[in-house]
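Q: Could you slot chains B and C onto chain A? The hints should help.
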Amino acid sequence: MSDPFQNVQTGKNVVIEEDVHIGKNVVIGHNTVILPGTSIGDNVKIGANCVIGIYPEGNNSMRESSQNVHPLIIKNGTKIGQLVTIYAGTLVGENVFIGDLASIREHVLVGEGTVIGRSAVIELNSRIGKNCTVQTLAYVTGDTILENNVFLGPNVSMANDKYMGAKAYTLRGPYIKQGAKVGNNASLLPGIQIGEDAVVGAGAVVTKDVESGLVVTGVPAKNQS
Amino acid sequence: MSDPFQNVQTGKNVVIEEDVHIGKNVVIGHNTVILPGTSIGDNVKIGANCVIGIYPEGNNSMRESSQNVHPLIIKNGTKIGQLVTIYAGTLVGENVFIGDLASIREHVLVGEGTVIGRSAVIELNSRIGKNCTVQTLAYVTGDTILENNVFLGPNVSMANDKYMGAKAYTLRGPYIKQGAKVGNNASLLPGIQIGEDAVVGAGAVVTKDVESGLVVTGVPAKNQS
Amino acid sequence: MSDPFQNVQTGKNVVIEEDVHIGKNVVIGHNTVILPGTSIGDNVKIGANCVIGIYPEGNNSMRESSQNVHPLIIKNGTKIGQLVTIYAGTLVGENVFIGDLASIREHVLVGEGTVIGRSAVIELNSRIGKNCTVQTLAYVTGDTILENNVFLGPNVSMANDKYMGAKAYTLRGPYIKQGAKVGNNASLLPGIQIGEDAVVGAGAVVTKDVESGLVVTGVPAKNQS
Numbered sequence: 014m015s016d017p018f019q020n021v022q023t024g025k026n027v028v029i030e031e032d033v034h035i036g037k038n039v040v041i042g043h044n045t046v047i048l049p050g051t052s053i054g055d056n057v058k059i060g061a062n063c064v065i066g067i068y069p070e071g072n073n074s075m076r077e078s079s080q081n082v083h084p085l086i087i088k089n090g091t092k093i094g095q096l097v098t099i100y101a102g103t104l105v106g107e108n109v110f111i112g113d114l115a116s117i118r119e120h121v122l123v124g125e126g127t128v129i130g131r132s133a134v135i136e137l138n139s140r141i142g143k144n145c146t147v148q149t150l151a152y153v154t155g156d157t158i159l160e161n162n163v164f165l166g167p168n169v170s171m172a173n174d175k176y177m178g179a180k181a182y183t184l185r186g187p188y189i190k191q192g193a194k195v196g197n198n199a200s201l202l203p204g205i206q207i208g209e210d211a212v213v214g215a216g217a218v219v220t221k222d223v224e225s226g227l228v229v230t231g232v233p234a235k236n237q238s
Numbered sequence: 014m015s016d017p018f019q020n021v022q023t024g025k026n027v028v029i030e031e032d033v034h035i036g037k038n039v040v041i042g043h044n045t046v047i048l049p050g051t052s053i054g055d056n057v058k059i060g061a062n063c064v065i066g067i068y069p070e071g072n073n074s075m076r077e078s079s080q081n082v083h084p085l086i087i088k089n090g091t092k093i094g095q096l097v098t099i100y101a102g103t104l105v106g107e108n109v110f111i112g113d114l115a116s117i118r119e120h121v122l123v124g125e126g127t128v129i130g131r132s133a134v135i136e137l138n139s140r141i142g143k144n145c146t147v148q149t150l151a152y153v154t155g156d157t158i159l160e161n162n163v164f165l166g167p168n169v170s171m172a173n174d175k176y177m178g179a180k181a182y183t184l185r186g187p188y189i190k191q192g193a194k195v196g197n198n199a200s201l202l203p204g205i206q207i208g209e210d211a212v213v214g215a216g217a218v219v220t221k222d223v224e225s226g227l228v229v230t231g232v233p234a235k236n237q238s
Numbered sequence: 014m015s016d017p018f019q020n021v022q023t024g025k026n027v028v029i030e031e032d033v034h035i036g037k038n039v040v041i042g043h044n045t046v047i048l049p050g051t052s053i054g055d056n057v058k059i060g061a062n063c064v065i066g067i068y069p070e071g072n073n074s075m076r077e078s079s080q081n082v083h084p085l086i087i088k089n090g091t092k093i094g095q096l097v098t099i100y101a102g103t104l105v106g107e108n109v110f111i112g113d114l115a116s117i118r119e120h121v122l123v124g125e126g127t128v129i130g131r132s133a134v135i136e137l138n139s140r141i142g143k144n145c146t147v148q149t150l151a152y153v154t155g156d157t158i159l160e161n162n163v164f165l166g167p168n169v170s171m172a173n174d175k176y177m178g179a180k181a182y183t184l185r186g187p188y189i190k191q192g193a194k195v196g197n198n199a200s201l202l203p204g205i206q207i208g209e210d211a212v213v214g215a216g217a218v219v220t221k222d223v224e225s226g227l228v229v230t231g232v233p234a235k236n237q238s
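Residue numbers (our numbering), protein chains in the order written: chain A, 14 to 238; chain B, 14 to 238; chain C, 14 to 238.
Hints are supplied without guarantee of correctness; some may be wrong.
If chains are identical, the list can't say which one is meant, so a pair holds when it fits in one copy or spans any two.
[What the hints assert, rightly or not] Pairs of lysine-lysine, PhoX-like flavour, derived with a Cα cap of 25 Å:
id: 1; residue 1: K143; residue 2: K175
id: 2; residue 1: K180; residue 2: K190
id: 3; residue 1: K180; residue 2: K143
id: 4; residue 1: K175; residue 2: K235
If you are wondering where the hints come from, they were derived from the structure by calculation, not from laboratory data.
Only chain A is shown next, with the shape it has when bound in the complex (with noise of 0.2 Å):
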C-alpha cells in the first residue's frame, strides 16, 4: 500500500479510494472496498469482500437521503465480518461487532460494545445504543431508537410506515428502552415503545406500547401476569 498506511495489514485485491484515514494495527480482508473519505480508527479488523463508507442512491420512489452526508467514521477497535456493507453518513463506535451479510445504512449511530448480528439490516436514521444485542437476521427499520443493553434476538422484524407507503405520513420506528428484551421473529409496529427492562416473547406482535417491566407475548401482544 501507498505510505499513509504503512501500518495497515491488507489482503490483496484491496481497493483503498482517495482521503482514507486509517490508524493504527488495522487488518483488511481480501477484495474489501474503502470507499473516499472514510475514516478507520485503531486496532480495526475488517473482514474480506466487504465495502465499506458507501455513499447512498435510490429510485424516484425512495426518499433522498444523500444530502450532507460525511463520510463514514468507525472507531477503535471494532471488528467486522466478511461481505459486510457500511454506509456514510454513519458512526459506529468503539468495540463494536459486526457479523458477515451485514449492512448498516447512512446516518445511523452504534454505540460502543454492540453486537450487530450476521444477515442483520439497520436502516437509515436510527441510533443503537451501548452494549446491545442485534441477532442475526433481525431488522432495524429506519427512524427507530435503541437505547443502551437492548436485547433484540433474531429475525426480530420493525415496520416504521403504518400506511404502508399508501399516505404521507412522517416515518417513525419503534422506541426501544434500556434493557428491554425482545424475543426471536417478534414483530413490531411503527412508532410503539418498549419501555425499560420489559420483555416481549418470541413471534409477539406487539401493535401497542409497552410497560415497563411487563412481560407481553402472544398476537397481538399482551401482558402476562
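A: Okay, now just chains B and C, sitting in the frame of chain A:
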C-alpha cells in the same frame, strides 16, 4: 476495458465475461463480476462485489431450472447496490432499485419502477409487477405473482409447497393483486390469493384467500370489520 | 495457479492461502477467497465472491469459540453459490448445496445431500443431518440438532438463550427429529424438541415439545387433531 465498453466506468478488479452488452453511461463498482451474455441498458449503476447474470446450479434434490435459460437483461436506468446476485433467465425492467445483498433468481420478471429491498430474496419463476415495493429481508417464494403497486413489508414470508417436500405437488406461490399491502413479518401460505387493495396486518398468518379491499390480521388471519 | 492445483479451474482475482488442499475437477469463481488450511474435495464447485474457511472472531461480549478450531473441510461433489461464508472447524458433507449469501459458522456438521438455502444462517456448534432442507432465509441458532430428512421452511426462526443474555445459562437450541417439517416463518424456542415426522404450521410459535407425528399450529402452537 476493451473497446466495446468505452462509455462504461468500471471499478478495479471488475470481471466482464464474453458476449456482455453494456449501454451508455453505465457505472460498475469494484470487484463486480458480469457473467456471459448479460445485457445491461443505458444509465445503469451497479455497486461493488456483485455477481450478475449467473447460470443456475443445484444438487440432486432440487428441481432443474437450467434448461432454456436466456442471459440476464437489465433495462435502462436501473440501480443495483452492493453484493447483489441476479440470475440468467431474468428480466429487470427500467428504473428498478435493488438493495445491497439482495438476490434474484432465474426466470423472474421485475417490473419498471419497482424497489427490491436489502437482503430480499426473489425465487425462480416469479413475476413482480410495476412500482411494487418489496422491503428489506422480504421473501418472495418461487412461482409467485405480484401485480402492480403491491407493497410487501419487511420480513414478509411466503411458501409455495404445502406438503413441504413430502409429496409430488405443483408448486404455487401466492397471487397478490394490484395495490395490496402486506405488513411486516406476515406469513403467506402456498397458493393463497390476496385481492386488490387488501391489507394484511403485521405478523398475520394468511391461510386462505383474502377478498379485495378487506383488512385481515391475526393467526390465522381474519377479517377486521 | 501454482502446481498443486493443476486440476482446478479458478476465476480471476481468486485468493488461495497457504496449506489449502483442493481435489480434482474443482471450479472456483472470481474474487473468491480460500483461507489457510481449507480442504476441498473432488468435483466441488464454489461461486464468485465467497469467503471460505474463516477463523472466528468476536468482541468481548461474545463467547470464545476460536479454541481448537480445525480447518474447514468440504467433501466431494458439494456446490456452493456466490457470496457465501463458511467457517473453520466445520465439516460440509458430500453433495451438499449451499445457496447464495448463506453463512455457516464454526463447529458445524452439514450432512450429505442437504440443501442450505439462500441467505440462510447456521450458527456455531450445530449439527444438520443428511438430506435435510433448510430453506431461504431460515435461521438455525447455535447448539441446534437437526436429524436426517428434516425440512425447515423459509424464514424459520430459532433461539437458544431463554434469558436473552440476562443470566448465565447453558445455551440450547432446538432438537428436531428425523423427518419433521417446520412451516415458513415459524418460531422455535430454546431447547424445545420436535418429534419424528411432526409438522409445525407456518407462523406457529413453538413453546414446548411436540410429540412425534403431531401437527401443531398457532401462537402458542397447539395440536390440531
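Q: It remains to establish, for every hint, whether it holds in the given structure.
A: To see whether the hints hold, each was checked on the structure:
no.: 1; hint: K143 <-> K175; verdict: between (28 Å within a copy, 22 Å between copies)
no.: 2; hint: K180 <-> K190; verdict: between (28 Å within a copy, 19 Å between copies)
no.: 3; hint: K180 <-> K143; verdict: between (34 Å within a copy, 19 Å between copies)
no.: 4; hint: K175 <-> K235; verdict: both (20 Å within a copy, 19 Å between copies)
Going down the numbered hints, you'll see the structure goes against none, and every one checks out.
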